[in-house]
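**Student:** Residues per chain, in single letters:
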Amino acid sequence: MSQPAQQQSPPGSTAEMTPRPDHGEHTYRGSGKLTGKAALITGADSGIGRAVAIAYAREGADVLISYLNEHDDAEETRRWVEEAGRKAVVVPGDVADPAHCRALVARAVEEFGRLDVLVNNAAFQMTHETLEEIPDEEWDHTLATNLSAFFHLAKAAVPHLKAGASIIGSSSVNSDNPSPQLMPYDVTKAGVANMCAALAQLLGPKGIRVNSVAPGPIWTPLIPSTMPAEQVKSFGQQVPLGRAGQPAELAPVYVLLASDDGSYVSGARVAVTGGTPIL
Amino acid sequence: MADEIYSTEATSSRGSVRVDGRGDLAYAVGEPGDGTADPLNPERLYAAALATCLHQSLTIAATSLAVEAGESVVTAKVTLAARHDGGYELRATVEVYLPGASTDSLYDAVTREALRLCPLVGGGVAVTFDRERGLALQHHSGPADPGQN
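These protein sequence lines map, in sequence, to chains A and B. The opening position of the first sequence corresponds to residue 299 in this note's numbering, with each subsequent residue numbered one higher. The opening position of the second sequence corresponds to residue 2 in this note's numbering, with each subsequent residue numbered one higher.
Honestly, the hints are just simulated from the structure, not real lab data. Bear in mind that the values here come from a model prediction, so they are computed numbers and not experimental data. Keep in mind that the hints are not guaranteed to be accurate.
[Stated by the list, open to error] From chain A, some residues computed to sit far from chain B (all C-beta separations above 12 angstroms): (1) P302; (2) S307; (3) T316; (4) G330; (5) R377; (6) A397; (7) L429; (8) A496; (9) Q536.
[Stated by the list, open to error] Label pairs and their computed distance ranges (CB to CB): (10) B/E90 with A/A496: 55 to 63 angstroms; (11) B/L116 with A/G502: 35 to 43 angstroms; (12) B/S14 with A/D395: 40 to 48 angstroms; (13) B/D4 with A/D438: 25 to 33 angstroms; (14) B/M2 with A/K504: 27 to 35 angstroms; (15) B/L116 with A/P575: 53 to 61 angstroms; (16) B/V74 with A/G540: 54 to 62 angstroms; (17) A/D438 with B/L116: 36 to 44 angstroms; (18) A/P317 with B/L116: 47 to 55 angstroms; (19) B/G123 with A/A496: 40 to 48 angstroms.
[Unchecked claim] Derived EDC-like pairs: lysine to aspartate or glutamate, alpha-carbon spacing no greater than 20 angstroms straight-line: (20) A/K504 with A/D559; (21) A/K531 with A/D320; (22) A/K385 with B/D105; (23) A/K385 with A/E374; (24) A/K385 with B/D109; (25) A/K331 with A/E547.
Where a beta carbon is used, it is the ideal one built from N, C-alpha and C, also for glycine.
So here's chain A without its partners, still in its complex pose:
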């Protein structure tokens, strides 16, 4: 797969992408791996978050869909979750605000009566060619959205999590091999992987597992809204599999890490990179 040069403004919309990403809408088949569980997924309106929401719902989980302001995308994800017969709660708001992170957890517990899976997935990035052109505010905003939100969500969620619960952070291949044009993003994704490794040790005695997923180039609204059009055109071609991945190709890993199938998997950073090694 490749894609034509294209450009959007952040956070980007799924409907404006060519081709439309595959979130597993017509392919993912559940088998009850998350029956009766409740999940909170940030950035669940689109991209990897939507693919994970669809897969979790088809595996039997209720899903809180946290998103910034992309209402149409969020409603589309809600539709798929409800079509799977599960409860969907859509909540707009900015995870850069710690109070909103706490409110998301409280809302999930209020709506579902429980919380079993936290997926910290919402993220911001922007390409820059030089250090000087990165605005100070953008550095702070990237850290707040991608990393500090995870801290506040996890801190609020842990009192509600029981043995068997799972926390998953969306990291990136950039956590291992930083792209210089995405420095603030790289730092946060390394932070997510590192925090997961530490949390796995902190929370292991409670029976809570914590892992990160390190995607390679995945075709999501983040890409055309934060990269120059020409870079979008060649996005993904440099990996051994020679193409960008689809959000749907991430979902099985997130399901494994959330389900009892992954009962001894904790502290891992799982690479889904199309062949780029993370050793």
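We have chain A already, so just place chain B on it with the hints.
**Tutor:** Coordinates of chain B only, in the frame set by chain A:
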């Protein structure tokens, strides 16, 4: 235990009330049903206080559950009643419209918390009668600036 956050002061004299000594916060206040040109009265002021105070508590409660409160509406109905043993009492009924709550259970959760938070609901207001200060005014021919509007 409670930590003080904010204090204000209202002074009633000569048919008007003045807040924090400010001329721009002075209101003509009459008795309920006295037939004069629709002035504020204590019941209306209390209804306004109750509606706005509960509305702020509602906003806090809603935000803590990531529920949108921007379009919410709070109404307080206040009734003055004469007690059979002499004296008066106030009764209030409050209504909350919260379109951001998508389910009845979420509506219940937010409004329950708002009612718990609101200092004008339930707990009531602890009123201290400052007799010493009052007597001092008595003996010095009243406040320095008795409610000048």
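**Student:** Does each hint fit the structure? Answer for all of them.
**Tutor:** We went through each hint and held it up to the structure:
no. : hint                                   : result
1   : P302                                   : holds (37 angstroms)
2   : S307                                   : holds (24 angstroms)
3   : T316                                   : holds (33 angstroms)
4   : G330                                   : holds (26 angstroms)
5   : R377                                   : holds (15 angstroms)
6   : A397                                   : violated (7 angstroms)
7   : L429                                   : holds (36 angstroms)
8   : A496                                   : holds (27 angstroms)
9   : Q536                                   : holds (39 angstroms)
10  : B/E90 with A/A496: 55 to 63 angstroms  : holds (59 angstroms)
11  : B/L116 with A/G502: 35 to 43 angstroms : holds (41 angstroms)
12  : B/S14 with A/D395: 40 to 48 angstroms  : holds (46 angstroms)
13  : B/D4 with A/D438: 25 to 33 angstroms   : holds (30 angstroms)
14  : B/M2 with A/K504: 27 to 35 angstroms   : holds (32 angstroms)
15  : B/L116 with A/P575: 53 to 61 angstroms : holds (58 angstroms)
16  : B/V74 with A/G540: 54 to 62 angstroms  : holds (58 angstroms)
17  : A/D438 with B/L116: 36 to 44 angstroms : holds (38 angstroms)
18  : A/P317 with B/L116: 47 to 55 angstroms : holds (52 angstroms)
19  : B/G123 with A/A496: 40 to 48 angstroms : holds (43 angstroms)
20  : A/K504 with A/D559                     : holds (18 angstroms)
21  : A/K531 with A/D320                     : holds (18 angstroms)
22  : A/K385 with B/D105                     : holds (15 angstroms)
23  : A/K385 with A/E374                     : holds (14 angstroms)
24  : A/K385 with B/D109                     : holds (19 angstroms)
25  : A/K331 with A/E547                     : holds (17 angstroms)
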